[in-house]
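Asker: Single-letter residue listing:
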Amino acid sequence: MSKEKILEKSFLLIALSSISILGLIAFFIFEQGIPLIWKIGLKSFLLGDRWFPSKESFGIFPMIVGSFWVTLGSLVVGVPLGLACAVFLCELTPPTFAMILRPMIQLLAAIPSVIYGFWGLIVLVPLIRETFGGPGLSILAGSLVLGIMILPTIISISEDSLRALPRTYKEGALSLGATHWQAIWRVLLPAARSGIVASVILGMGRAIGETMAMIMILGNAAQLPRSILDSARTLTTNIGIEMGYASGDHRQALFATGVVLFFIIMILNSVALLVSRKGKA
Amino acid sequence: MGKGRGSRWVHWLGLLILPALLSGCQRQPGGVSVVGSTSVEPFAEALAEEYMSRHPGVKIFVQGGGSSAGIQAVRTGSAEIGMSSRNLIDSEKDLIAVPIIYDAIAVIVHRENPLNDLTLDQIRKIFSAEITRWVEWGGKNHPITLVTREEGSGTREAFQKLIMGKREISLSALVQDSNGAIRQVVTDDRNAIGYISLGLVNDRVKALKIGGIEATVDNIQHQRYQIVRPFLFVFKSRPQDLAKDFLDYILSPAGQKLLVQEGLISMNPIPESKKEARR
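The listed protein sequences derive, respectively, from chains Y and S.
Residue 203 in my numbering sits at position 203 of the first sequence; the count goes up by one each step and never skips.
Residue 207 in my numbering sits at position 207 of the second sequence; the count goes up by one each step and never skips.
In short, the hints are calculated from the structure, not lab data.
Incorrect hints may appear among the rest.
As the list claims (entries may be wrong) - Computed beta-carbon distance windows for the label pairs:
no.	chain 1	residue 1	chain 2	residue 2	range
1	S	Thr187	Y	Arg163	43 to 51 angstroms
2	Y	Thr179	S	Thr187	53 to 61 angstroms
3	Y	Trp185	S	Pro143	41 to 49 angstroms
4	S	Pro143	Y	Arg50	16 to 24 angstroms
The C-beta atom is built at its ideal place from N, Cα and C for all residues, glycine as well.
Just chain S, with the same shape it has in the complex (with noise of 0.2 angstroms):
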């Protein structure tokens, strides 16, 4: 063999190696991995960028996958941090979870659907398909589009929880797996109801109110909206270190007003803060 094949052998080589190293890159000491929830990963990637800028030469990678995909790699050591938007199972009860912030869930239906306020009991019935047309107030006779999250996600399990309790999400419900896919399904069919981080409402769908009561910080933070679910960090042990201190600053007040202006929930309020949450 020439010497030419000999060295590009090396090139191969160091194909094969490069991955290697760059997933090695996040092990050093300069650098914390976050992994997790796609509900919680934009707002991690804000606080994380907010972080990096206060402390040049610290890296935090953030990244998506779902919140058992996060717990999963805490549980393995592949990442230090993981998020969730749902509560931990049983089987996940030895991991460490801090609620970060808290985001509420709100009901959405298309910006021209006449009505404003439904009870905790009607949405029950709309989305267990027990009322499956829109004529029962007054509406067209249109049948109702139900739209739902996949099984497993967090804001599902929050909405079962907080709403539907023993009753099932109806199979007939169509199934999105993103906030965002949701708002657009709702925003272009007429005859849709769904669910939605309240920090994802936008002025092209309307959130209802639930019993009269409107989803804003005011209400949620004096619990007369109860629609609302904990973001979880989840360390496989006290969390030390840069772990530690990125925590930190996002329980710090100054990280906290940068996750309410992204239209999440502080539970300890701040000055600041007591404004509409943000549409």
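Just chain Y, same shape as in the assembly (with noise of 0.2 angstroms):
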């Protein structure tokens, strides 16, 4: 064999490995996450609104809905934010000055997500309890903090797309005697749209993985939340606080726990590859 079928064959087998590793996990996910749920039945541990492990009552019901309402605040903070930054960036501002906000934005991406959490816990939890009453740990802390960290991935996902779009778009709408304003508005935003859209996805994606952040200042109470106010738990959470001294049908409904993220997050993906691909072919 020549040299270069030697490295051809080496890289393949390590392509091959990082991939098994993610087949590895999910195995172990579901064999030790899929007999709790036969057990006890996907209904009732789906739905169940109790949890309490010590008394083998296991409903993550609660769970599901407080990752649920976080992710969507997230998102109404994080997606008008994230897409006035990408236009702004890619229409509004000078090259130079975009030059500069551009690795500033990357660099969100590089805290640290306790460093969000701390932040939230001493800035965020204070004023909120001081404003509104309550703990101040609440899904209202949780998606502001979380909105902002899914910023860089719907500014640099968006902005991509708006840059991939074709110059006589916008030169089109100009001659027409559009504005800037509704050239913008009216064209760019609209035929961005698929690649907006999956940045929308991946940054729900990255909201509803978060897990370190979210246990400091979400407060973590297993109860189906009534307003932003309260504290709730969300299913990284879940897992991520409670992993340390779980035990038996404890530990394993936290695989199980995993089982369910693995699933919300396998869709919330794919659905993003194929509004992607719908929106390039």
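Two chains, two frames, a set of hints: combine them into the complex.
Answerer: The structure is reproduced here in structure tokens:
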């Protein structure tokens, strides 16, 4: 075999090993989690609202709802901000300024989530407690922090898709007499729709997966939240906060929580992939 | 392939083997590893430090991870000693558990809370969310913020058993995964109530009397204050060699004294230890 062939094969091997690691992780999560779901029933696992592992009641409905609200909240904060920022970088600012801004936004992605959590805990939580009452550790605090955390994802992907548009779109709109703003709002944003939607979905994936910062600022109450000032627990924080002491069925229930998360993330990523592919076709 | 690449391979191999070698160290006769409860960990570290300074050359590795992780580690043999702040459950009863010291649990509120004293029944009603506002005691009409430990925690289990009995801790309670985090929430939130190890109570929170009885060493040793739990060392079989020696040291007056200084409670009172629990 020539040297080139050897290299080729070894790269193949490395690529396969990273895929097989994914396979192994999936296998272990399922192997640990499925028996428990089987034992207590899918319906009472997904829709049960009582989480008392020491009393053998494993209902993760409050966590599913918690994940849903926190993610939705983060999108409400992050999507308008992120989109506005992408449009600004792409259309409204001189290239030199954009060149300074862009790395700073990418820096947001490099900040460890524990720092976001700490900042939320020290700054946002007391602010919310003093202003609105309640414990402060709440969906509102979590949404605000997560909204900032998903900004880099939304900004960079949206900006890329805006930039990938043919120049003729904008030129055509302007030459037809549209103002700059009309061109952005009526032509460019709709044309980049698929990339923007993909960025939002990937941001959602990031929001659902975030654990450390959420453990610190959500308060982790395993209740069905009634307002955005209530504490909540997400699927990931359910695993993160309890894994240290969990044993037996409790541990398996945490893996089963992982199975549910696995499906949610798979669905989100597939949708993102489909949407962005459809846009290109 | 050139010589250069060959030696590079050796480096990579070394990197791969290094962790295995390092973990192998713990199995050598000169060392013993202690793994488990994060409640016991800081105390075990202090003990290990003292023990190692008395026996140069001996290594004691202390690691957190949680009671269950520690018990699991003892079962699989990856650690000689497990630390547990909860009692063994039925499926773990084949292991040997030795209480090394006792820890009292204090119910804490914000420093400015006017309340000083609650009965067991009142605490039970508060934590099961039957009473949800401080106004019941002439305080301001603020909702009570409950703070509890996560399911599976030894502190929570002890609190559940010693105070709540058959009642559940309300699901609306905030859940924090360490004593320190609970203390922080109670320090910051004037409506909060939580529970932590007595040894970790400081002057930024207020420990309540329970049924008029303050959590002092004297009250605990005479079993007047009864919210007390054991810290356990867990072994797979009868402890031997170094593990046994370390355990003997901990149970000796010197070891117990060190733990008492850290705010824990020895049930075999040593003369010097008859002072108030440290705040």
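Asker: It remains to establish, for every hint, whether it holds in the given structure.
Answerer: Structure-based check of each hint:
no. : hint                                    : result
1   : Thr187/S x Arg163/Y: 43 to 51 angstroms : 49 angstroms, holds
2   : Thr179/Y x Thr187/S: 53 to 61 angstroms : 55 angstroms, holds
3   : Trp185/Y x Pro143/S: 41 to 49 angstroms : 45 angstroms, holds
4   : Pro143/S x Arg50/Y: 16 to 24 angstroms  : 22 angstroms, holds
The structure meets every hint from the earlier list without exception.
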